[in-house]
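Trainee: These are the residues of each chain, in order.
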Amino acid sequence: MAKLILNRLSKAFEAGGRPAVNDVSLEVRDGGFLALLGPSGCGKTTVLRMIAGFEQPTDGSILLGDRVLADASDMVAPEHRNMAMVFQSYALWPHMSVADNVGYPLKVRGISGQKREQKIREALNAVRLEAYADRRPADLSGGQRQRVALARCLVTEPDVVLLDEPLANLDRHLRQEMEETFREFHARSGATMIYVTHDQAEAMALATDVAVMSEGRLLQVASPQEIYARPEGRLVGGLVGQGAILKWPAALLENRLLDWDMLQQSLSHTDGQDCADILVRPQDVEIAGEGMAATVTSVLFEGERYALKLALGDEQNLRAFSRQPVQVGDRVSIVIRSAWRL
Amino acid sequence: MAKLILNRLSKAFEAGGRPAVNDVSLEVRDGGFLALLGPSGCGKTTVLRMIAGFEQPTDGSILLGDRVLADASDMVAPEHRNMAMVFQSYALWPHMSVADNVGYPLKVRGISGQKREQKIREALNAVRLEAYADRRPADLSGGQRQRVALARCLVTEPDVVLLDEPLANLDRHLRQEMEETFREFHARSGATMIYVTHDQAEAMALATDVAVMSEGRLLQVASPQEIYARPEGRLVGGLVGQGAILKWPAALLENRLLDWDMLQQSLSHTDGQDCADILVRPQDVEIAGEGMAATVTSVLFEGERYALKLALGDEQNLRAFSRQPVQVGDRVSIVIRSAWRL
Amino acid sequence: ADLVVYTSQPNADAQATIDGFKAANPGVDVEWVRDGTPQIMAKLNAEIAAGNPVADVLLIADTVTFERMKAAGQLLAYKSPEAKNFDASLYDADGYYYSTKLITTGIMYNTQAAMKPTSWADLAKPEAKGLVTMPSPVASGAALIHAQTLAGVDGLGWDYYKDLKANGAVAAGGNGGVLKAVASGEKAYGVVVDYMPIREKAKGAPVEFVFPKEGVSAVTEPAAILSSTKHQDNAKKFIDYLLSENGQKIAAGLGYIPARNGIALPAGYPAREEIKLLPLNAADALKNSEKDVKTFSDIFGTKG
Amino acid sequence: MTGFSSLFDGGARALLTDPAVWQAVYDTLTTSFLGMIAAVILGGGFALLLTLFNVRGKTALGFLFMLPTMIPPQVTALSWIGMTGPSSALLKAIGLAPPLGSPQPLYSIGGIALLYGVQNAPLVFLSLRAGLLALPRDGVEAARLSGASSWQVLKDIILPLSLPGFVAGAAIAFVSCVGNFGIPAILGIPASIYTLPTLIYSKFAAFGPNTFADVSLLSGLIAILSVIGLTVEDRVLRGRDYRVIGLSGQVAMFRLGNWRLLGELVLWLAIFITLVMPLTALIASSLAPAYGVPLTPATATLDAYREVLFKQTITRTAFFNSVTLSLTTAIGLLVVTVLTGYYLVRSKSRVAPVVSALAEIPYALPGIVLAVALILVFAAPIPIIGISIYGTIWIILVAYFSSFFAVSLKPVVSAFRQLDPSLEEAARLSGAGFGRRLIDIVVPLVAPAAGASVILVFLIACNELTVSAILWSAGTQTLGVAIYNLDDSGSFNLAAALSVLVVIMVIAMMLVLELMAKRLPKGVVPWRS
Ligand SMILES: Nc1ncnc2c1ncn2[C@@H]1O[C@H](COP(=O)(O)OP(=O)(O)OP(=O)(O)O)[C@@H](O)[C@H]1O
Ligand SMILES: Nc1ncnc2c1ncn2[C@@H]1O[C@H](COP(=O)(O)OP(=O)(O)OP(=O)(O)O)[C@@H](O)[C@H]1O
Ligand SMILES: [Fe+3]
Ligand SMILES: [Mg+2]
Ligand SMILES: [Mg+2]
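If you read the sequences in order, they're chains A, B, C and D. Mapping of the first sequence onto the numbering used here: residues 1 to 342, in sequence order. Mapping of the second sequence onto the numbering used here: residues 1001 to 1342, in sequence order. Mapping of the third sequence onto the numbering used here: residues 2001 to 2304, in sequence order. Mapping of the fourth sequence onto the numbering used here: residues 3001 to 3529, in sequence order.
For reference, chain A alone in the conformation it holds in the complex:
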């Protein structure tokens, strides 16, 4: 197998319209696991569809190794790409039973009999649907359908696996199991995987690389740790993690990674001029005896803890966690343990 390369890829659905994907260049190394993050409608599915061969790029090209899969004029048919995909809409075949849906890619590859049965069973086992092999997709629950789509995707040995929000309709436990399955599959098959998700924790936990898109453009590609710790620009900073972005006097902010001392110093040197954007993640906001004053504007119970919204004196907002219940309107003192200059 080989590297998957997107080379200045663009796609506009209407000629002259705003492109859904705009000049995206990206390399996914052989056997890499790329998570694609971005707000709804930013072009993630469109990228996957171009990789799979369902949409022709209006510009740029897609390469697998040195084989050109698609460019604006030509395209390898999807059936010759040896890829697999979980569709956002599942795309199950209503006229086939669950087992037949899952077994279809095998059937097409001429695998039959015992071996096929075996593989289907394994795939259904992996998604916990052994008992549903003979059902029709229409008689399944939403999550069960999604799992059938998963099983179908993982039943063969594709070079590239495209996953479009494959776990969106599963509960947390299944999700964790499925993540485990992906990880195993990835390790075993060595396939290149591209994973679209809205769940950042999922993306971070699974991927070797994370790519962040917005409005059709690629903003940053990096390892999960890197992108979390060192996001580039407001957009990525705002997208990754639940951080709040504050305007902060820039005078003394020399480092990018800032601690409370630096922040405080900078604050005291306000000369009203330059402001920098700093990203403050809620887990770095500590409600402490001393520190800055803030007012609690909303409190949401999240089970493990309460998620707070805090208003600073200058109308800026901040998020924080608290394990103890707090009341809206409470005035608290906070310390920002760590922040990142964008």
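Keep in mind that the hints were calculated from the coordinates and are not lab data. Hints may contain errors.
[To be verified] Derived BS3-like pairs (lysine-lysine); straight-line CA-CA distance at most 30 angstroms:
no.	chain 1	residue 1	chain 2	residue 2
1	D	Lys3155	B	Lys1119
2	D	Lys3311	C	Lys2237
3	D	Lys3311	C	Lys2201
4	D	Lys3155	C	Lys2203
[Stated by the list, open to error] Reference listing, derived: stretches of chain B covered by chain A, where coverage requires no fewer than 3 residues with Cβ under 8 angstroms from a Cβ of chain A:
no.	segment
5	1220 to 1234
6	1239 to 1250
Note that beta-carbon positions come from the ideal geometry of N, C-alpha and C, so glycine has one too.
For this one, chain A is given, so just place chains B, C and D with the ligands on it according to the hints.
Mentor: Using the frame of chain A, we list chains B, C and D with the ligands on its own:
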């Protein structure tokens, strides 16, 4: 408006088959906001569909106030129930534009002209789709479709709003905005809301009551705080929060809420007999200098922190968080700050 | 096949004719195609236009068509030895076609009808108002000949048709339709070819057929050989057979008036001498046929 | 079709200034349009009630509803005339029979349209039903929850979404009304109402030097009419999206409540009028010794059956020919139409609409014209291979293929329009090439439409008259020809007996299909729910 009562509700899709919903009794108070949690395939959608009037219960009844909406023999037609629903599959009408999809419930109610335009615009604003009013659903991204479904659901003033995983395909930011929208809508309209989700944080943050189902049965209904803090039984304990369930010597466990002292004492009184199930949530597991020995068996980066799986000496598993990177295979000492006897 | 016959005889009759021929000429493999005259002609003309007519022998309703074909050089002249037994008016002097039987057109009525018509004029009487139906010349060869014949009779003529129209008569479809309309009682009186009501009456249908006192028109269902035939010998044998005593007896047996002299008429018919045939000039009829169809159509509001 | 160009020469001016021609165009349009409306009401009503509502006895109703197509149109027309005329046993029984010779109400534009409707209703039924089965259930449910009454759901959601099927059905109905000969021949001519096909027929009857030119001109008019119809269809469907999003495969069911009994009554009444009445008339005439003889136990006879079954060798030939021809056409065309339909819907080429319009024209042309054109093309041996198919069964097959292409194509195209493209994409990514995909995914997904297409073509071809009437020769008679010839030559009872046998055969074949239903893809067998 009035209380929504499910009275020993059952539904079997095949006569004699395993019921998808089994003897569920539940009251949702007028203007309540109930979150329905449960693993994939446990019957959540089926409950919603019965409330909406798409499926006839095989047993039991559904009442809104003293009006019987459905029982095994009779049924009020969905169009006479004044409810609204976001379908798991969105159920958009492909032949209508986004605006027409959203405006249809208004049209049916005979609202037209200026007022309708106005309402459609507001609803589309709320889901951030103003710019897409004239598109066809087929030309939207997955998350955009889901938002159209949301807008359509909230455009009228229904008595009961049924939401079937309405935010599954949205990114975190939109999700938070939408949650906000739900909260406002709920406060403003006073509608009774039933919300199916897999995201517990979402459920906890939004709902006044949480109901947990498993395999068609209702396990527990309580306020979010209550159900998080005091889950009943292994099933609910396992479902709510990411806790691990441990077998622990029961000798000295008198309270249900346990702290480290009690746990330790109990441990030292092992007489090999009685064991109790205790629920330990990861945030209550502290990696400390002293405490029990454990081995790290897996580490997942989640952005904010690392999620660890720990193996105790006796083959039991535990989850914990760590803000610092840890290596698989590390041996650590842990303290369980708090646990709950199931 | 050794011989292909296109005919507009009814199925059973055509089958009987062919069977008789085969019995007389064993070993000749005959194929035959049966359809209404217009369809047969459409088919044949298309074949001719395409340069490959399949038929060898044509056996269809009227001389007029054959006159036209003769003029177009589509027929083969053949002097049959059997011709001497036929009235000279019943075959073409040059041997291009031979009449095989007489099919007269007269009046049928439903036995429930109040008036029993005896003459063509009766159909224009008030008693028959709205109760008369007749075939249209555009759908039936016999009907055209009939109209042209009556048009030439003193005291009838086209005025007679105008009277009929004024009396609410309709002209539509072929003879089969007229038979059904009268037998079912939808109409009381019909202008129709003889053998149909006579046969149906024999089977018990509530109908009667009369030969009006002014006389009847007749078509003669001639047979002819196509000039393009590839089976000349067999075709000639077929013509001979049709005209032979044997062949004519079979026609009589089927309920038709045989054309050959000296053969007894089938049951249900009056003696041959009592049937008064109205005269018709075939050449004129051919020349005027399109004009006459138009005249008829204008009167009855039929198109074509 | 190359033969047609040769047909166009001269005489056009004379014909086009003939008011009779324009009157015929007008009458063709009005009867066809009204006939289409009637077919849509009848067939559409059945399709809606049987697929979406909880009426009982759906299988039986669906089964019986298919049968009227199998009764030759002339028979239907005659039995209706009989039923409403002076000799009507029914009317006599209730003392309402009109007196001898009273005007027949069916001899009118309305009568023709009514029978067109009855004859073509199953076309609409099958086509619409396939569309309805592709509807996603949740779309309907969402509308109901929005507060829409059943009527509003029907109007706003179901009909627009199944519009391709609906319009396809209406279009076939319209086009087949335009090209119908049997009904206006029997009902129109007595009232001096001429449609283009009957006009053409009469041109052939008075065969003259100008006939071919005239006929081709009239055929051109028919082609124009049907192309206009198709353009309207295209307009209606253009620019809309019918692709079902998400999972279809379950049909939403409406409850009729108190209306159910009424609905069922109406359905059975319709079956009674469209099937039982003409069929009874048919059986009665097959048992009667002669036309017009009152049928009593004493006069009833099975002679006609004896004659048809044992004496007439043509019967067996005709059955064999028609069944093989119809099956070959229906199944062969399915292969062609699936490919064409796929191309038409998926291709963005501008040629596509042209292809679809071309496909439609042969169906609208009266059989006689098509047949003559084929003779002109095929009477001489085919150039390169040197074989002549004229006079063989193959030319009829060719004629059937071109004539029924549209019937077969329409339902399939409309089903393709509704298909969620991602289903096929998923198959492609599974590695399935075009043929594979077609067989495994696409065809099963459009199964109801494919089934409708096969059954429609079979039913129509089995009874086909005008094309084979000109093209048949010895040994290649078809059932339609056999029945027509028997009828035309005055052997009404034989014709009726043969028709009854055909209906019995069709019922038998439908029963076989019913037995095989479990092994066929869901929705193929149209009367099963
Ligand atoms: N039409 C049907 N026929 C038969 N079984 C069905 C049908 N619909 C759902 N089921 C079964 O009923 C059970 C409950 O389904 P339901 O859709 O209510 O689950 P759910 O809780 O909504 O799950 P999910 O979270 O995956 O959407 C499932 O096991 C499903 O397979
Ligand atoms: N067929 C189409 N025609 C026109 N525009 C389209 C079409 N499909 C998608 N778009 C637009 O292109 C943009 C990108 O869509 P895409 O489906 O790639 O988004 P996405 O990142 O997958 O979003 P989501 O997370 O909501 O699924 C969206 O604004 C969408 O409205
Ligand atoms: Fe004739
Ligand atoms: Mg997407
Ligand atoms: Mg569900």
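Trainee: Each hint: holds or not?
Mentor: Tested hints:
no.: 1; hint: D:Lys3155 x B:Lys1119; in the structure: holds, 23 angstroms
no.: 2; hint: D:Lys3311 x C:Lys2237; in the structure: holds, 27 angstroms
no.: 3; hint: D:Lys3311 x C:Lys2201; in the structure: holds, 23 angstroms
no.: 4; hint: D:Lys3155 x C:Lys2203; in the structure: violated, 57 angstroms
no.: 5; hint: 1220 to 1234; in the structure: holds (count 3)
no.: 6; hint: 1239 to 1250; in the structure: holds (count 4)
Going through the hint list in order, the structure does not satisfy hint 4, though it satisfies all others.
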